[in-house]
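Asker: In case you want the letters, here they are:
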Amino acid sequence: MLTNRLIACFDIRNGLVTKAHKFKNNIDIGSAENMAVKMYEDQIDEIIFYDITASSEKRKIDIDTVKKVAKQVFVPFTVGGGIKSLDDMYEVLKAGAEKISIDSMAVRNPNIIKEGALAFGSQCIVLSMQVKRVKKTISIPSGYEIAIDGARVFTGMDAVEWAKKAQGLGAGEICVNSIDQDGTHAGYDIEITSLISRNVNVPVIASGGAGTPQHLVDVFSNTEASAAIISSMLYSPKIERNYSMKEIKEKLI
Amino acid sequence: MIGVIDYKAGNAPSVLNALNKLNIDSKLITSEQDMKSVSGIILPGVGSAKATMESLRSMKILEKLEEMVVGEGKPFLGICIGLQVLFEFSEEGDTNCLGWLRGCVKRFPESRVRVPHIGWNGVKFNYEHPIISKINSNEFFYFVNSYYVVPNNNDIILGRTKYGLEFCTMVAHKNIFATQFHVEKSGLIGLQLLKNFAAVVGGDLC
Numbered sequence: 000m001l002t003n004r005l006i007a008c009f010d011i012r013n014g015l016v017t018k019a020h021k022f023k024n025n026i027d028i029g030s031a032e033n034m035a036v037k038m039y040e041d042q043i044d045e046i047i048f049y050d051i052t053a054s055s056e057k058r059k060i061d062i063d064t065v066k067k068v069a070k071q072v073f074v075p076f077t078v079g080g081g082i083k084s085l086d087d088m089y090e091v092l093k094a095g096a097e098k099i100s101i102d103s104m105a106v107r108n109p110n111i112i113k114e115g116a117l118a119f120g121s122q123c124i125v126l127s128m129q130v131k132r133v134k135k136t137i138s139i140p141s142g143y144e145i146a147i148d149g150a151r152v153f154t155g156m157d158a159v160e161w162a163k164k165a166q167g168l169g170a171g172e173i174c175v176n177s178i179d180q181d182g183t184h185a186g187y188d189i190e191i192t193s194l195i196s197r198n199v200n201v202p203v204i205a206s207g208g209a210g211t212p213q214h215l216v217d218v219f220s221n222t223e224a225s226a227a228i229i230s231s232m233l234y235s236p237k238i239e240r241n242y243s244m245k246e247i248k249e250k251l252i
Numbered sequence: 000m001i002g003v004i005d006y007k008a009g010n011a012p013s014v015l016n017a018l019n020k021l022n023i024d025s026k027l028i029t030s031e032q033d034m035k036s037v038s039g040i041i042l043p044g045v046g047s048a049k050a051t052m053e054s055l056r057s058m059k060i061l062e063k064l065e066e067m068v069v070g071e072g073k074p075f076l077g078i079c080i081g082l083q084v085l086f087e088f089s090e091e092g093d094t095n096c097l098g099w100l101r102g103c104v105k106r107f108p109e110s111r112v113r114v115p116h117i118g119w120n121g122v123k124f125n126y127e128h129p130i131i132s133k134i135n136s137n138e139f140f141y142f143v144n145s146y147y148v149v150p151n152n153n154d155i156i157l158g159r160t161k162y163g164l165e166f167c168t169m170v171a172h173k174n175i176f177a178t179q180f181h182v183e184k185s186g187l188i189g190l191q192l193l194k195n196f197a198a199v200v201g202g203d204l205c
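Same order as they appear, the protein sequences are chains B and Z.
Going by numbering that gives the first Met the number 0, the residue at position 153 of the first sequence is 152; the numbering climbs one at a time, nothing skipped.
Going by numbering that gives the first Met the number 0, the residue at position 195 of the second sequence is 194; the numbering climbs one at a time, nothing skipped.
Simulated from the structure, these hints should not be mistaken for lab results.
Hints are not guaranteed to be accurate.
[Claimed, not checked] Reference excerpt, derived from the structure (chain Z facing chain B, CB under 10 Å, subset only): (1) Val45; (2) Val114; (3) Val143; (4) Thr160; (5) His181.
[As the list claims (entries may be wrong)] From the derived model, a few chain B residues whose C-beta atoms are all more than 10 Å from chain Z: (6) Gly14; (7) Asp148; (8) Glu160; (9) Asn198; (10) Glu249.
Just so you know, these numbers come straight off a predicted model, no measurement behind them.
Using N, Cα and C, we set each Cβ at its ideal position, and we do this for glycine too.
Take the sequences, apply the hints, and build the full model.
Answerer: Encoded structure:
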């Protein structure tokens, strides 16, 4: 039977892992390379790196860090941030990542999903979306709006419609990041995760808000998500306590 | 020396990283020239069957590869697409493949499961074999696939996995081994399988 995947997520800034609260007030935690290796040794299922300032600083992704991690970590490795073209994707894959996460760039240019899927296969393309709970309207019937650029710019796009469109363009996975839950340690947004996972047929990754192993139990029993992102509960000093993978997996059995 | 075939859409660098970690002598194969000194070959894979076959053709290594693997019996390990292209035909892009093994490659029925099949899934072994030495049946490996292989001959099926249906996820036929899962991304268990392959190449196990 396929297990629900636990994905350690690292927001990277200048080669360091950083933690935010609702996409703001970042604090730096440690070297990206060391923390990735530590999580691999702790038997994490998968790792995601977001180079969070690559887009806003208009520079390319930190390839050296990607290469260093890929030499030591033998579980799936996804990289996102600052990817604008097929060449950028190829460079990340060549550096040893398996998957590419695209977010704001895909909203600006949805065709990049299609181009990436055709060139490297759908399994390489993770569409990551920032969603915020809003009032239900005719243009946003799900009550969740898509934001971009670190939750600073709102697009007027409906989250469920965007997920369906991204799947049609060839996205192989869809990661649903809740802006409301991000860094709160109060649990995932079950409603939107459930809604999107029922409306697409590709695997959905829940993201934002995990603080205890119970939150994982909640999201896997109340939604059709195939995977969930965890970060604070693994390593953040801002949270009450951290958990080992062993503790988390025991809770999930 | 193990040669890892490097075509643009594959993930040869990841496999090389894993072999380096295990201190196994290895190098990338980008042309027929690179194949001379190797005693075992790995064909890694991500992407589509069609793109993979086109890449292998454009590298002009197919004849030499067949001579080494089918003719001389050099140990061969296919990973993911590297398993699928061993069969005669793939539904993915209606592609004629290598045909070293009899059978075909089919797409998962979307009405029953999410496609692609992504994640850690159990592999049940049908019998013991040196290539799976020190690995228990029902261990979890990492998969990413939308298609699965259907061999004509059940005897070559070494491992099976359930996802909507039960399908073949590992084959062993003489010197030819192949896995649907990504050994290079399956943590310590995956690395053990690569270590076993290296032992077969080195003549330690067979």
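Asker: Does each hint hold? Answer for all of them.
Answerer: Going down the list of hints, with the structure as the test:
no.	hint	result
1	Val45	holds (6 Å)
2	Val114	holds (7 Å)
3	Val143	holds (4 Å)
4	Thr160	holds (9 Å)
5	His181	holds (8 Å)
6	Gly14	holds (19 Å)
7	Asp148	holds (28 Å)
8	Glu160	holds (20 Å)
9	Asn198	holds (12 Å)
10	Glu249	holds (16 Å)
Comparing the model with each numbered hint stated earlier shows that all of them hold.
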